[in-house]
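Enquirer: Mind docking chains F and C on chain V? Use the hints.
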Amino acid sequence: MVTPGPTLEIANLRVRYGHREVLKGISLEVQRNEVLGIIGPAQSGKTTLLRILNRTLDDVPGVVITGAVKVDGVDVHQVKDVFALRRKIGMVAPLPVGLPLSIFDNVAFAPRMAGIRDRGELAERVERCLRQATLWDEVKDRLHSLGTRLSGGQQQRLTIARALSHDPEILCLDEFSIAIDPVTTMRIENVLKNLRAQMTIILATNLVQQARRLADRTGFLLNGELVELDRTEVIFSDRPANRKTYDYVNGLFG
Amino acid sequence: MGKAARSIQNRPRWEVLTETAIEWLIRLCGISAILFVFGIFFFVFREGSGFLFHGFNVREFFGSTEWYPNSQSHVRYGALALIVGTASVTVLAMLIAVPFGIGAAIFISEFCGPRLKETLKITIELLAAIPSVVWGFIGLTVMNPLIINLFHTPIGLNVLNGGLILALMSVPIIVSIGEDALKAVPDSYREAALALGVTRWQLVHRVLLPAAKNGLLAAVLLGVGRGVGETMAVLMATGHAVQIPTSLMDSVRTLTATIVAELGEAPVHSDHYQVLFIIGVLLFSITFVVNLAADLIVRGIRSK
Amino acid sequence: MTSRKQLSEVMARTLFLLMTLLMVVPLLLIVGYLVYQAWPILSLDFLLTNPKHGMRAGGIWSPLLGTIYLVVISLAVAAPIGVLAAVFLNEYARDNWFTRIVNLAVVNLAGVPSIVHALFGLGAFVLFARLGKSILAASLTLAIMTLPVIIASTKEALAAVPKAFREACWNVGATRWQTIRHIVLPNSISGILTGVILQVSRAAGETAPIMFTGAVFFKAIQEGHLFAYGLFDQCMALSMHLFTISTQVPDVPKALPYGTAVVLVSSVLAVNALSIIIRLRLRTRRKW
Chain V
58 MVTPGPTLEI ANLRVRYGHR EVLKGISLEV QRNEVLGIIG PAQSGKTTLL RILNRTLDDV
118 PGVVITGAVK VDGVDVHQVK DVFALRRKIG MVAPLPVGLP LSIFDNVAFA PRMAGIRDRG
178 ELAERVERCL RQATLWDEVK DRLHSLGTRL SGGQQQRLTI ARALSHDPEI LCLDEFSIAI
238 DPVTTMRIEN VLKNLRAQMT IILATNLVQQ ARRLADRTGF LLNGELVELD RTEVIFSDRP
298 ANRKTYDYVN GLFG
Chain F
6 MGKAARSIQN RPRWEVLTET AIEWLIRLCG ISAILFVFGI FFFVFREGSG FLFHGFNVRE
66 FFGSTEWYPN SQSHVRYGAL ALIVGTASVT VLAMLIAVPF GIGAAIFISE FCGPRLKETL
126 KITIELLAAI PSVVWGFIGL TVMNPLIINL FHTPIGLNVL NGGLILALMS VPIIVSIGED
186 ALKAVPDSYR EAALALGVTR WQLVHRVLLP AAKNGLLAAV LLGVGRGVGE TMAVLMATGH
246 AVQIPTSLMD SVRTLTATIV AELGEAPVHS DHYQVLFIIG VLLFSITFVV NLAADLIVRG
306 IRSK
Chain C
433 MTSRKQLSEV MARTLFLLMT LLMVVPLLLI VGYLVYQAWP ILSLDFLLTN PKHGMRAGGI
493 WSPLLGTIYL VVISLAVAAP IGVLAAVFLN EYARDNWFTR IVNLAVVNLA GVPSIVHALF
553 GLGAFVLFAR LGKSILAASL TLAIMTLPVI IASTKEALAA VPKAFREACW NVGATRWQTI
613 RHIVLPNSIS GILTGVILQV SRAAGETAPI MFTGAVFFKA IQEGHLFAYG LFDQCMALSM
673 HLFTISTQVP DVPKALPYGT AVVLVSSVLA VNALSIIIRL RLRTRRKW
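Residue numbers (the numbering used here), protein chains in the order written: chain V, 58 to 311; chain F, 6 to 309; chain C, 433 to 720.
The set of hints was computed from the structure by calculation and includes no laboratory data. All values reported here derive from a predicted model rather than from experimental measurement. No residue lacks a Cβ here, since even glycine has one placed at the ideal position from N, Cα and C. Errors might be hidden in some of the hints.
[What the hints assert, rightly or not] If you anchor each label on the Cβ, the simulated ranges turn out as follows:
(1) Ala508/C / Leu155/F: 46 to 54 angstroms
(2) Thr158/F / Pro472/C: 46 to 54 angstroms
(3) Pro159/F / Ala702/C: 50 to 58 angstroms
(4) Leu447/C / Phe156/F: 22 to 30 angstroms
(5) Asn69/V / Ile621/C: 25 to 33 angstroms
(6) Glu178/V / Glu588/C: 46 to 54 angstroms
(7) Arg300/V / Tyr524/C: 46 to 54 angstroms
(8) Glu246/V / Gly202/F: 50 to 58 angstroms
[Stated by the list, open to error] A few chain C residues that face chain F, going by a derived Cβ cut-off under 7 angstroms, partial list only:
(9) Val519
(10) Asn522
(11) Trp529
(12) Thr639
For reference, chain V alone in the conformation it holds in the complex (with noise of 0.2 angstroms):
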């Protein structure tokens, strides 16, 4: 059954570290299937927009927030279970990180976690993060070889496969290929492009023209603020709506 309604309301979302506004007043929707991409330029305050979802900004010192996130109709602030939440919602960081576990125990550790013990029930799960992640084939054959040894664009496809092992409804990326290979970053893109049937992606990244590759919508952060939220297409086009996202969609800036 299908819930209705938007996956994710953000209605004015203000955010501080102690006196430094980082976003100020942010309100979008996003649909579900949709691919939102977010592009601005560094300290523009994309990641914390990412990680207000996953409530991971709970622990920095002096954070608040005011304004509403609301994740399929539950404002993410006043959910019960925020470890369920967190399940829900995919998380890729900008930095590759294995954990030091076997390469198994990388992507059984949060179905683990959340109760599951059955050992074909893991193996099953492993073996399709590991496929939906393109990486099973290079590592089928030493599944219980250390994680962190293996190389950036690796550990990186590795971090999809954890993320995707807790069915997440919605999967965020943030600049996920800042420290990976072009190539490597293209499959992942593809990777991207397969799982959007299946889910809610949402694209923060520095790379303008992935987001043209893979966006639906795109917003542009600039300043905490966001200053246009559209088609890929108008964004992209001669003609946005606002000259500052012309300016730096075509380089002049940022």
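Expert: For chains F and C alone, coordinates are given in the frame of chain V:
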């Protein structure tokens, strides 16, 4: 679509409850340190508080050298000689340990190859591990005859003996903190100085020491704290004379040694017993302040 | 470099080298001298026999066993509390004034002189808690003494685990404790162990804290029997024994106190060497 997400939430209830219990235990242990510090102050203060508020003469305690707790006729608790005893041994120890300790820290930090560095650091760590009572024993059996022979004094248990032993005991901590302080000086200082063509001696003398002076100060403070609080080694090495020393060869008694020497014989809860606890409060307060100051400085270095 | 500069360089290096050696050489000389003086009586028999004839003969069995009891019990109390306290400080505590006070308390607890610990043990455990002078009271006193260092070294070991691992775990919905139990603790265990082991030598060597809380001048127990002491008994201890026979008992044959000192120092050095070995192995077997 959401059905799969929901299927992955089946943590058994007992597991969640256990986890909550463990996290409460962790919080309890976390605040235990505060409880113990307060507890120490509370219980030590408690044992001495009776006399402290009824009959304890503060002026006599700090001003008089007449320490006669067991006198039949005229009991006096003048602790000045004991305080000077502690101070003299500690000062002598610092006068020796600080230059040598910082010298060693400089050698390890600036002049030494990695393998020698490792060996030296391990040796100094082992030096730090020698128990206080063994140092006291060494003061008794090694330093004692040595001092008698070298300086032709009748007894070798004195300020000099205690000071030397305490110096050897304090060196490791001074080297360790001193080395941290030197490591915290950015390499750019060294590179700039060497580019200007200075010798390593000038580099140490004019650049590193001034830059690291906070950390070196902290090292000295920690050494002082250690020296004031040291018990067994000074008990065994300084003799048992309650007097203000006029030379290095005089025997003295420190505050710490007094407690050890007299607590066994003082009847529980007697005035004498309580005064010994009051000395304990004094020691606690001194080391508290000294260590607090040193820690604030050290935290400043390590966070840079 | 000019020859004057070269000379200055060599002189500086030599000066500092000498200063270092002056600190290091005494260690070797001391250990050597102690062993030399103790040589006549060092034997297995020395370890397994009780002191006899008013401690002018015999061995060190009862002090040795007493020290072992004190060390084991005090660490059994201090290690769990210390490790959990460090877990709190490094993994749970937020960066506020309260945490700063807790950290301050740990540092100050570390600086308390051993005689003040003795007074505390006497006031709190022997008298207030009515444990009387006993192995239990003495062990608890030692536990509080070793606690702050265990907390500090465990914190260091936990902090060495990269933050990125924790964040990766939280991102997939693991709880804080799950992250600690499955990733943080297993990867810091060597560091934690090192810290705890170092406190073994500290607990074994301290005299003042046990002097008034449970250690005695003399107590005869069954030789060679591992369970000869009870929790509420008083005991002898190596450190106190050394103090006693070198200052309180006249006419003790020279080799006896040296022998006691050698056993004490060599156990302490052996334990420290063990912790150093663990630390070196840790460096080579890192998982990241």
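Enquirer: It remains to establish, for every hint, whether it holds in the given structure.
Expert: Hints, verified against the model:
Between Ala508/C and Leu155/F the Cβ separation comes to about 47 angstroms, which falls inside the hinted range of 46 to 54 angstroms. Take Thr158/F and Pro472/C: their Cβ atoms lie about 30 angstroms apart, and the range 46 to 54 angstroms is violated. The hint said 50 to 58 angstroms for the Cβ distance between Pro159/F and Ala702/C, and at roughly 39 angstroms that hint is violated. Between Leu447/C and Phe156/F the beta carbon distance is about 27 angstroms. The supplied range of 22 to 30 angstroms therefore holds.
As the Cβ distance of Asn69/V to Ile621/C is approximately 47 angstroms, the hint placing it in 25 to 33 angstroms is violated. Under the hint 46 to 54 angstroms, the C-beta atoms of Glu178/V and Glu588/C, about 39 angstroms apart, miss the expected range. Roughly 48 angstroms separates the CB atoms of Arg300/V and Tyr524/C, a value that falls within the hinted 46 to 54 angstroms. Range check, Glu246/V to Gly202/F: Cβ separation about 55 angstroms, and the 50 to 58 angstroms hint holds.
Given hint, Val519/C at the interface with chain F, holds; its Cβ is 5 angstroms from that chain's nearest Cβ, closer than 7 angstroms. Hint on Asn522/C is violated. Least Cβ distance to chain F is approximately 10 angstroms, over the 7 angstroms limit. Given the 7 angstroms rule on beta carbons, the hint for Trp529/C is violated: about 12 angstroms separates it from the nearest Cβ of chain F. A distance limit of 7 angstroms between C-beta atoms decides the matter here; for Thr639/C the minimum to chain F is near 5 angstroms, and the interface restraint holds.
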